[in-house]
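K.L.:
Chain by chain, the residues run as shown.
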Amino acid sequence: MNEILSVEHLNAYYKKKQILYDISFSMKEGEIVGLVGESGCGKSTLAKAILHMIPKVEGKIVHMTQMPQMIFQDPYHSLNPMMKVGRILEEPLRIRREKNRKEKVLSMMERVGLEEELIDRYPSQLSGGQRQRVCIGVALMQNPGLIIADEPVSALDVTVQAKVLKLLCALNRDYHIAILFISHDLRVVYELCDRIMILKDGRIIEQGKDDEVFFDPKEEYTKKLLSAIL
Amino acid sequence: MNNNRKNHKLYIGLILAGLIVLLILAGLIRSPYPPQKMEASLKLAGISAAHPMGCDQFGRDILSRVMIGARTTFLIAFVTNAIGLFFGILIGALTGYFGGFFDEILMRFNDVMLSFPSILLALVLIALMGPGTYQVMIAMGIVFIPSYARIVRSEFIRFRNMDYVLAIRLMGGSHLRIMFLHILPNVKGTILTSLIIGFNNAVLCEAAMSFLGIGVQPPDASLGLMLSEAQGFLFRAPSYALLVGFVMICMILSFSLLSDSLKEVQG
Amino acid sequence: MMLQVKDLSIEFHDHLVPETVVYDFDLQMEPGEIVGIVGESGSGKSMSALAIAGLLSRKDMRKKGQILYAGKDLLTCSRKELRALQGKEIGMVFQEPMHSLNPLRKVGWQVEEALLLHSDLTKEERKEKALQMLSMVELKDTERIYRSYPHELSGGQRQRVMLASALICHPKLLIADEITTSLDVTVQAAILKLLQRFNKESGISILFISHDLNVVKKICQRILVMQKGRVVEEGTTEGLFENPKTEYTRELLDSIPKIRKLTV
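Protein chains in written order, with the working numbering: chain R, 1 to 230; chain D, 1001 to 1267; chain W, 2001 to 2264.
Simulated from the structure, these hints should not be mistaken for laboratory data.
Idealized CB from N, CA, C, for every residue including glycine.
Hints may be right or wrong, so weigh each one.
Listed next, the stretches of chain D that the computed footprint assigns to chain R, with coverage defined by at least 3 CB atoms under 8 Å from CB atoms of chain R [said to hold, decoys possible]: (1) 1031–1038; (2) 1159–1165.
What follows is a set of in silico ranges between Cβ atoms, one per label pair, in the way DEER data are often shown [as the list claims (entries may be wrong)]: (3) Y175(R) x L2104(W): 27 to 35 Å; (4) T2246(W) x S39(R): 54 to 62 Å; (5) R173(R) x E2251(W): 18 to 26 Å.
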């Protein structure tokens, strides 16, 4: 299998403060990798650094295909509140000046499990789960090889969480999209991911196969994370 | 109960605006008398059937002059705010979205502009350009730019780091597209609010400038100019000042009420 | 019986069409009990809690039924009586630790505020009490936290501060609305333990509201399940988990993440 992303010796700074220290990892096509850490450990910074959205970065980030797409935590801020769902999904097509946009939007809505009549709704008229589906649809419109999902289910109800996770899992299986799944909840990460990395204070302190990390953690910190959920 | 109150606002606003529009439109087509025509025998004549608002100190029909004057005042307020808003949005959007060195320079310049009383600044500009209706529009328009720029800028700063803007950047959307298609519509509400204040300020500012004799020049008419003329005869012909003032109040009130209820319907 | 809610219905009247958000809500709480209300967003669980805390507007909402706290009906008693209960007898903590503290005031002042309203203590006594409370909620370095502003604290610290300010007058009932939802799992666990400790030590009753059955299970003795404004199931925690009666509860139980791989 080919590599889709490789990060080597990445240091990132924000306002002169170092946030990430010497991060190195790589992802293969169609792989789901979980990145676990508590708030403030730099996991969102890592996501933005991978997308070249942090100005001060040292190290090497190599994307094998085009830019990855991102799904955000807060479904209230990740959609333009003044645009209808159909128009939001159409935006990437407009930017690329594609034809038959309406059909593509409708087929995408079906793919991510949104009813057709939602096309004329504004984001404020949707539930959290529906919004997150719109975000996933927007990301998929660009046929990415890799999706970075930053806490995509943390703000959702548990019943909705399960459905959104299933959608991500199905996309990975059907379209072979790699997912970098960022979360603070090891349990959710274990459900979905093939490989788990534990981030603490800007450093990756443990990484390995899902079962290894989950059932046989090496680090004290990982054990602490696990004890919180069991 | 809540809803009825909203409706009252809308109806009163609509009626007042209708009156003003009627006045202006009627003046465009045909005023009862030529607005500049003087009649020595009718100097400061009171209200009568032939002259519903009476006559001024030169015996000119006040109703006819109010028709013309309301139009001039409205036009000045409109153009002033159009100029202020256009450049304000442009400057505010660019500085707010990009930030950095350019932003610092422009905003400090902005602070300097804002630290003068606006009428004083307009006075200086008029002194450079000379008095007259168009000069007033330009001078006031320039004076209005900084406050709009400031408001738009702060809104752009609020939106530029939102997740959905990052998402558009990931799609490869250009900065201009993000600024004017994805952020500006979200700022609409705030701009509308400041537009109401701006419009009312412009009407009052025009009145003040005409009052000082550096605004609209006689024999042209504007509400401000007429008010300043009327104050000389406040005791001999109180209806002159009162009626002109009333029209001015109607104009301001109708605009605020309409935009208020419009905002409530939207929000 | 410390709290008894009978046939509570809440109707919104601020839109054109009145909208009922809670139907016939019944709840009894004994002193020292921890009761959980579980439901998805929009199920009316927060509305019921706000009503019990006496925080719903009396103008735009019509409420039917009774909320009896120590024999007094919170829906009909005077505002003065209600205010005397709020903060002193009934404390409430909300979900968003970012928004529930005043960003312009130092933490210490906010923790003390309830004392200012409900007691005659002097400034020094209040400060001493506040510091004591901050260490009760297991915050380290209380002097520093007392002097800091909310933005200088982490989410977990802020939630602890909220707990301290809600508990400083030793209320008999604490209403906790989704207080662990926006926190990291490790911090969640710590906050739950803290609540349990308070319950055991001071016998405070807790009405714990959450969308996450897994969290509720850890601390509640009794659980109410709400859906679309109605209580669809009520029972002891073990009873509910072992033998759920309604389809909806079963669905909620199923959505708890299990230690297993997701399959589609």
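K.L.:
Identify every previously stated hint that the structure contradicts and give their numbers, smallest first.
P.N.:
Hints 1, 3, 4 are the ones this structure does not satisfy, whereas the remaining hints hold.
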